[in-house]
Amino acid sequence: MTDIVATHRPSSGIAATLRHARYVVSENRVTGFAFGLFLVIVLAALIGPYVVPYDPLASNTTAALKPPSMQHWFGTDQLGRDVFARVIVATRLDFVIAVTSVALVFLMGGLAGVAAGFFGGWTDRVVGRVADTIMAFPLFVLAMGIVAAMGNTVQNIVIATAIVNFPLYARVARAEANVRREAGFVLAARLSGNSEVRIVLAHVLPNIMPIMIVQMSLTMGYAILNAAGLSFIGLGVRPPTAEWGIMVAEGAAFMVSGEWWIAFFPGAALMLAVFCFNLLGDGLRDIVDPQRRT
Amino acid sequence: MLGMVFKRLLVAVPSLIGVVIVTFLLTRALPGDPAAYFAGPAATKEAIEQIRVKLGLDQPLVVQFARYVKDLARGDLGNSLTTGQPVVQEIKTRLPASAELTLLGLIVSMSIAVPLGIMAATRPGSLVDHACRVVATAGVSLPVFFTGLILVYVFYYQLGWAPAPLGRLDIFFSPPPHITGFYLIDSLIAGNGELFVASLKQLILPTLTLAIFSLAPIARMTRASMLAVLASDFVRTARASGLAPFTVIVVYAFRNAMLPVVTTLGMVFSFLLGANVLVEKVFAWPGIGSFAVEALIASDFAPLQGFVLTMAIMYVALNLLIDVLYGLIDPRVRLEA
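For the record, the sequence lines run as chains A and B.
For the first sequence, the working numbering begins at 18 and goes up steadily by one.
For the second sequence, the working numbering begins at 340 and goes up steadily by one.
Everything labelled a hint here was simulated from the structure, so no lab data went into it.
Cβ atoms here follow ideal geometry from the backbone N, Cα and C, with glycine treated the same way.
A portion of the hints provided could be inaccurate.
Which bits of chain B does chain A cover? Going by a derived footprint, with three or more residues having C-beta under 8 Å, they are [said to hold, decoys possible]:
| no. | segment |
| --- | --- |
| 1 | 564-577 |
| 2 | 643-656 |
Beta-carbon label-pair distances, calculated as ranges [said to hold, decoys possible]:
| no. | chain 1 | residue 1 | chain 2 | residue 2 | range |
| --- | --- | --- | --- | --- | --- |
| 3 | A | VAL57 | B | ASP669 | 44 to 54 Å |
| 4 | B | VAL350 | A | ASN211 | 36 to 46 Å |
| 5 | B | GLU533 | A | PRO70 | 35 to 45 Å |
| 6 | B | VAL473 | A | ARG36 | 42 to 52 Å |
Could you build the full structure based on these sequences and the hints that come with them?
Have a look at this one:
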């Protein structure tokens with residue numbers, strides 16, 4: 018599939034896109050900043066666990082509830098664990114949850130939506146009905162119900178987050194595939210004897226990829242928020258695992274007695290990550306769809 | 340108008356059916372044996388079998404579904420394992436607390452976001468416009484439970500302006516006689532000014548948290564739709580006819596610009612109802628959200644299922660209300676019906 022895309026697109030096109038991307042990143046400082054932040058997050062997720070100064074799980078009751086200092090940059094929590102180490106180590110888990118759930122919903126929603134838009138008829142009706150039913154729930158509440166019913170694991174958080182995002186992806190993919198139904202390249206592919214399934218997978222899907230990728234980066238922030246919200250109320254991730262949502266939950270009780278750093282730093286990390294993905298999504302949209310620039 | 344309302348009601352029916360099917364499937368998707376689950380960890384084999392028959396779990400799925408719908412129609416959502424109370428009863432007593440908080444949050448957020456969006460649209464590139472953009476981007480990035488905790492730290496711990504984040508009323512007060520269940524309204528009806536102030540104080544921080552959270556989409560939408568309307572022909576004509584800028588913006592543009600904003604309200608409600616759960620946990624608010632969280636911790640599934648169903652039904656009803664509101668604002672929608 019990939020080589021088909023490559024041969025269909027002249028190499029100068031890729032170079033032009035890259036040039037345009039570099040232009041957008043350097044011209045729009047906000048996008049450039051978001052991109053830099055994104056690299057930091059990825060780096061923390063990749064090498065974080067190997068470079069942190071303390072063991073994120075090691076408790077040390079003599080050093081419990083210490084405010085931020087040179088020794089403990091983000092302070093220590095009620096068990097004397099280093100908050101900085103925990104925040105950094107948690108990046109990987111939060112990032113992986115968000116990425117896998119977005120990839121999963123891209124597969125489910127993207128394929129279902131493209132099929133619905135391209136084939137129409139009963140496929141369209143079934144996909145539309147499923148999307149409508151999911152949308153009939155307040156999304157976070159549905160995610161709670163799914164995780165509670167399927168079992169309280171991280172894997173189910175990923176699945177629940179993917180399911181509640183399904184309508185968004187299915188709708189975008191459906192609309193985009195629908196307008197390309199009778200497009201010239203589709204007719205040409207059909208005339209030269211490609212099967213309908215092949216046309217969908219090899220011609221229509223690659224064509225709507227840029228828009229789907231923008232959609233992915235726009236929903237990535239929501240996916241992180243959703244997962245962190247679920248673990249904040251005690252679903253999925255279990256203590257003593259380091260994860261931003263559960264760390265904020267653990268620090269919540271200490272907020273009223275003034276130990277702000279336990280909840281503040283993981284919360285701020287969460288906020289920065291979501292902020293970064295939202296800005297990046299807007300920036301990517303500018304590259305793909307300059308008309309919708311805001 | 341009535342015809343339109345009726346038509347919308349019919350549109351809501353498939354959504355409701357879908358909601359009931361999904362909540363039913365969620366119970367049956369419980370990991371392991373639901374009978375063993377409902378019987379508790381200490382149950383014998385016979386007891387489990389007894390419960391299986393009692394719950395109708397030995398029947399085919401279709402029969403189980405029919406039974407489930409029948410129970411629903413009688414308003415029976417099962418009993419809570421931890422309290423032994425009927426779930427419906429619990430939800431009924433806790434719903435006003437959540438409703439008061441959510442509605443107040445929406446009102447506060449609308450009264451800030453709509454003027455902000457309009458001002459941003461009428462002065463593009465100005466300070467207000469930039470403020471609107473910052474609010475819109477920051478608002479969607481803030482985890483709602485985090486905002487709540489920060490507000491608690493600043494206004495309760497540091498400044499001491501707000502009361503402790505522990506429920507709807509300080510323990511020194513007793514709740515007003517139950518009429519609407521909204522403490523603000525009930526205390527006014529009872530003529531108890533002190534109680535009104537006390538419950539308002541408890542409400543301020545959680546309301547503000549929800550408002551900050553829902554500010555962003557409303558402000559963003561108001562700005563975008565106001566910009567589009569202001570660029571349209573009829574606004575240009577109104578301006579050219581020499582109408583005062585205030586009349587043009589408020590009378591001509593505003594009403595038309597409100598249509599997409601009302602449409603976004605559906606999405607805002609979806610977020611608000613979810614955020615409500617998190618805010619209730621932060622402020623120990625005795626609403627249905629914290630009821631669901633308590634049930635989750637105790638692995639008590641019936642209340643959780645009742646909660647999901649209640650929320651979904653409320654959400655469908657709210658969307659219905661939004662559609663009707665839409666008809667009120669836009670006469671064309673009524674004509675189509």
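Outcome of the hint check:
no.	hint	result
1	564-577	violated (count 0)
2	643-656	holds (count 8)
3	A/VAL57 to B/ASP669: 44 to 54 Å	holds, 47 Å
4	B/VAL350 to A/ASN211: 36 to 46 Å	holds, 39 Å
5	B/GLU533 to A/PRO70: 35 to 45 Å	violated, 53 Å
6	B/VAL473 to A/ARG36: 42 to 52 Å	violated, 30 Å
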